[in-house]
Amino acid sequence: MPTMNIIQAVNSALRVEMQSDDMVVILGEDVGQFGGVFRATQGLFKEFGPSRVFDTPLAENGIIGSAIGMALHGMRPVPEIQFVDFIYPAFDQIVNEAAKMRYRSGGQYTCPMVIRAPCGGGIKGGHYHSQSPEAYFIHTAGLKVVMPSNPYDAKGLLIASIRDNNPVIFLEPKQLYRAARGEVPEGEYTVELGKASRVREGTDITIVTYGASVHEALEAAKEADEEDQISTEIIDLRTLLPYDLDAILESVKKTGRVVIVHEAPKTCGFGAEISAALGERALLYLQAPILRVTGFDTPFPYTFEQEYLPNKTRVRKALRDVMDF
Amino acid sequence: MPTMNIIQAVNSALRVEMQSDDMVVILGEDVGQFGGVFRATQGLFKEFGPSRVFDTPLAENGIIGSAIGMALHGMRPVPEIQFVDFIYPAFDQIVNEAAKMRYRSGGQYTCPMVIRAPCGGGIKGGHYHSQSPEAYFIHTAGLKVVMPSNPYDAKGLLIASIRDNNPVIFLEPKQLYRAARGEVPEGEYTVELGKASRVREGTDITIVTYGASVHEALEAAKEADEEDQISTEIIDLRTLLPYDLDAILESVKKTGRVVIVHEAPKTCGFGAEISAALGERALLYLQAPILRVTGFDTPFPYTFEQEYLPNKTRVRKALRDVMDF
Amino acid sequence: MQEEPFSILLPNGKLRDGQKAPPIKPEELMRLYRVILLNRRVDERMTKLQRQGRIGFYVGSMGEEASIIGAAFALEAKDWVIPCYRELGAALLRGFSLFELCCQLFGNSQDTLHGRQMPNHYASSELRFGSISSPVGNQIPHATGLGLAARLRGTGDVALTFFGDGATSTGDFHVALNFAGVYKAQTIFLCRNNQWAISVPSTAQTASESLAIKAQGYGIKGVRVDGNDVFAVYAVTREAADRARQGEGPTLIEAVTYRLGPHTTSDDPRLYRDDAEVESWKGKDPLSRFRSYLLNAGHLTEEIDTDLEKEIKNEIDTALSKAEKIGPPTIDTMFEDVLDEMPWHLDEQLEELRCVLEPEVAEQKT
Amino acid sequence: MQEEPFSILLPNGKLRDGQKAPPIKPEELMRLYRVILLNRRVDERMTKLQRQGRIGFYVGSMGEEASIIGAAFALEAKDWVIPCYRELGAALLRGFSLFELCCQLFGNSQDTLHGRQMPNHYASSELRFGSISSPVGNQIPHATGLGLAARLRGTGDVALTFFGDGATSTGDFHVALNFAGVYKAQTIFLCRNNQWAISVPSTAQTASESLAIKAQGYGIKGVRVDGNDVFAVYAVTREAADRARQGEGPTLIEAVTYRLGPHTTSDDPRLYRDDAEVESWKGKDPLSRFRSYLLNAGHLTEEIDTDLEKEIKNEIDTALSKAEKIGPPTIDTMFEDVLDEMPWHLDEQLEELRCVLEPEVAEQKT
Ligand SMILES: Cc1ncc(C[n+]2csc(CCOP(=O)(O)OP(=O)(O)O)c2C)c(N)n1
Ligand SMILES: Cc1ncc(C[n+]2csc(CCOP(=O)(O)OP(=O)(O)O)c2C)c(N)n1
Ligand SMILES: [Mg+2]
Ligand SMILES: [Mg+2]
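Protein chains in written order, with numbering that gives the first Met the number 0: chain G, 0 to 324; chain H, 0 to 324; chain B, 0 to 365; chain A, 0 to 365.
Worth flagging that the hints you see were computed from the coordinates, not collected in a lab.
Incorrect hints may appear among the rest.
Unchecked claim - Each computed DSS-like pair below joins lysine-lysine, with the alpha-carbon atoms no more than 27 angstroms apart:
#1 H:K252 x G:K252
#2 G:K123 x A:K321
#3 B:K324 x B:K312
#4 B:K77 x H:K123
#5 B:K321 x H:K123
#6 A:K47 x A:K324
Chain G on its own, in the form it takes in the complex (with noise of 0.2 angstroms):
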């Protein structure tokens, strides 16, 4: 199998299913002849032509909007947002549109479509090249909601979003693009939406986590493991909407403690929601407070960056916090 890593892994999954289906259509700012900035639609417009793969104009509602046109046509948009930052002129076709077609017409209409956005901190993009808005659309209903943390998930996830009937909100964390390598399957095959992956095994306490995070978490573990003898179990969650809370009952009824890690603000962000439908279901299983390990109530900041991410230092106290409750 060959080795990729993440951009290479988004460009396969694109490719294969234009191959597979006319309906697919690229469009987005720079997508087109250059290839996109992050080089993920690379060579599909040389492959497929400027009716499959275009750019548009600079105007993130006119994206989406013509993309909610195009799949009320029978079409399978996958527009790219050049950093889903800038994705909010949009957020009203989003939300009040595509999310909202299929139930306000009774299932007459329905706007499957893949909205790409490079998201997340760890390229000193500041403020406006480092946000993680997930929760905006989780909270959101008619959506679901991807991220994966590796290159193999990245292909599998795209190809089934792709295929699935809803408008998806695929996250791809721009920190791991080139940073993340592994074997991905020249060809097609899918990773199933809705189903957390656990990436390790444990007893004593729970990461649920996602995107770059799960690669901190991965690393607090293993020095916690080493250092405290604490043996921490991960689920990366891949899919935030619907996601898996099987997996991470499972684990919790197990370990009975959890740490929850994503980069996104705290306050209202998407670990609040896993912490509250756990003290909804495992309150007895809870040996210490849920903790949640997260970027800080602040806009994203550029010379603190790493300070702001959470990152495998926040996550080890966290880890040591849980344990000595």
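We have chain G; now place chains H, B and A with the ligands onto it with these hints.
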């Protein structure tokens, strides 16, 4: 003291502030000579003229975007969004501009403004005249979020919001506009932002709620008291960000049982944050799981509006469930 | 100063000098007339119904029927109509049944939307009539996407979208027309300039000379037409559809018309506009104008008209009484169609609600 | 076909027949020249710095200096400049110090933004130079609001906002110009049509004849000007400022220019455009053009120019070396200015972080 409903209280707050500060201006769709579709700005055009109260073209990003510019110039705009369901075209201006202006400019520029918008269900408004999107704004660093439940608070909180130096999202539960009446002073007074009010004392259960749900909670609590001798304490948060955690904690340490009630959808709603925050800080005080009685994770429906809303019956059931746990 | 709107029929129903009626067969003319009349009568009846509290809300199109139905009449069945909320006439022309309309207004179990949406927010994929949503302007880019898809797929259909003068101020209007211009989308943008956006006059909506002139900012064709002249609206829309189909690009049509009624049943226009203005526009009423034409042309007689009125009244009565008897949908419809399959958390929430609504369900659980 | 851009200076630095230089005092001309030269040298130097990894990111304006500095030169001190991200020249003209710039680029403790923003996103309220943010188009409605406030308050100032050709596609551009037209806001909208939006040529951005023509959709004045001709840009902006101040309404200026460098230091333009195109535009370079004019006019001599270059180099060296030595801000600045006062949850989060960064803090706690 005169009795007012919430519309009159809002109108009175606007008048008082416009009289005492020339920099306060009102803009929005139909807010001028017409006085707003809910009549909140009635009479203000006549009293203060077209340079203080004016209609805008139909564009929410235009309303908020120019309000930001006016605020940068030293004015205190109070833009009205006709229904909060239509605020999303301005989401980018609110989230990426207003919320970050002070932070990103090192405090050199600020944009104090109060974005008023009717919110919530109860008027058979369907998907687009019933939404409760407060969680989107609570999750956004740089904003304050306020929602009154009665005329006295509405006026006092609105005056405090207009005098506040931050962008404030001021959500008005439209189903209470005329339904909620009470004594309201003619002149100026403020209700401090960030302070909750305990609208009912009790010892068995704490209900944490805000907006229109406060009234459902009160009725449910009364019934629970009469029928099951359950003593319920009710905290009306009033300000959702920054919210009054101390008031909640104080009550929860006393009762050990918590039910959170709001109209917004459950997943990643504000109830999740409150539940998670209590789980972090008050685990050992909890005698039962923290339950959330909220709107469901669907678009806001028309025919089943009453079934969708977190009404008295559903709150009652939650009260029983936490007691029987 | 504004370019004069193109017109064929004078307010009195006579043909303007040098203009002739478009080549439409008499029976087709009568079909057109019938729908305009039906639209008017349905609006009157439903408005009454709302006053009686039998339905919660209604949006009429009195005075704008020609700009709506005339435009839709220029389309083929495979073409798309992407409506705002005032285009019932276009739906009726395409065969939308009064019964389906009434069920949606009541939000009952026969409503194809399962009572999920506010009255007046119907949809019909079968008729290629879009799903109505309340936010102003949101549908415009959808029409661009449909017209772009038609071009990319070579399916030969066009998309006609309707919106008001207020909608031209939205960002969605701008991006929709700009994208359409760049891609030569097979789309027709029809702006019903009915002079008002609730209480805001179109003169306060923009400082541009006209709304049609905005087309220049997008390098597309713009035309002004008398929106109360069904022939003129038909003609310009027909030409726009031909151009779009042939890949010659989109058109922005400004149909100059007037909202004779309230914005919706929640509105009282006397609070913001003069009766005099309304009266002057009543003189240009599209229904009586077309009616006079048909009478003069001998296609219509008073007798036929009276029968037609009776027929229409019965049709409305039948649909209404049938629909009003039907009960609400089942509660699970509230949780369906959020996603294609019901996710675990909605299953759970449905159960939770069942326990409250049907105590016996709760029993079984404990 | 497009209207010819207005110009005064020919590419060779000679005056176009029938045109004369605007009435600007020699010392003022030299100040203007100095800032243009400074802007060019700063761009070159910072781009090098980024290559060396000493700063993380930089945005230059090579080739566009005349359209930026010439326009800002037409303003008074009380007027506002609301920038995109390519208007360093306008800031320098207003007195923005290289030291302040460098501190922002390094995000150090002397950075007035406390290292919160990406390099190149400086702000200066003292200079009425706006706060730069990355999202394209977002600043345009702010300029409308400032120009509206100026009108409402009668303060006599105007707001000049800059944006690119790509930004004209945004919804914010549309609403900003439409609002400004309706309110006669005291605002000048200057579009730097530098032909590219990253890899997308301006011809793919819109189908309109020109960008200036978009003004018609808003009932405001639109002009095309040679953006590499500092005199022409100054003249049209000056006129627009006068009109705005006198309440005659806003102006959309399309400055036809070219981005000679990469979009930012993260970009490699060879991947999407021909060197030939770039070369042809180098022949129209605004700096050499203005320089030739000043030499011909005798305001500048080779000697003065050489001294100026030395002076500028020293200035840059001094600012850089001074700024590069300065350490990062204190950690609490990361939590300040989110709101005017730090709320309890940020206090708590700051403490939490302190415990991780400074173990001794943690000690004290346990
Ligand atoms: C984005 C948005 N903002 C505000 C509203 C409230 N609203 C409903 S209709 C309307 C006026 C629309 O006027 P126009 O576009 O001219 O259409 P008309 O009703 O005249 O047919 C407004 C402001 C809305 N529905 N959507
Ligand atoms: C809303 C938004 N979408 C996308 C981007 C990414 N982006 C940054 S600059 C740019 C091109 C801007 O082109 P133009 O407006 O012509 O300005 P120029 O860079 O040419 O000066 C894009 C697409 C962004 N910053 N903001
Ligand atoms: Mg209108
Ligand atoms: Mg450009």
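Self-check item: Hints violated by the structure (listed by number, smallest first)
Solution: Checked against the structure, the only hint that fails is number 4, while the rest are satisfied.
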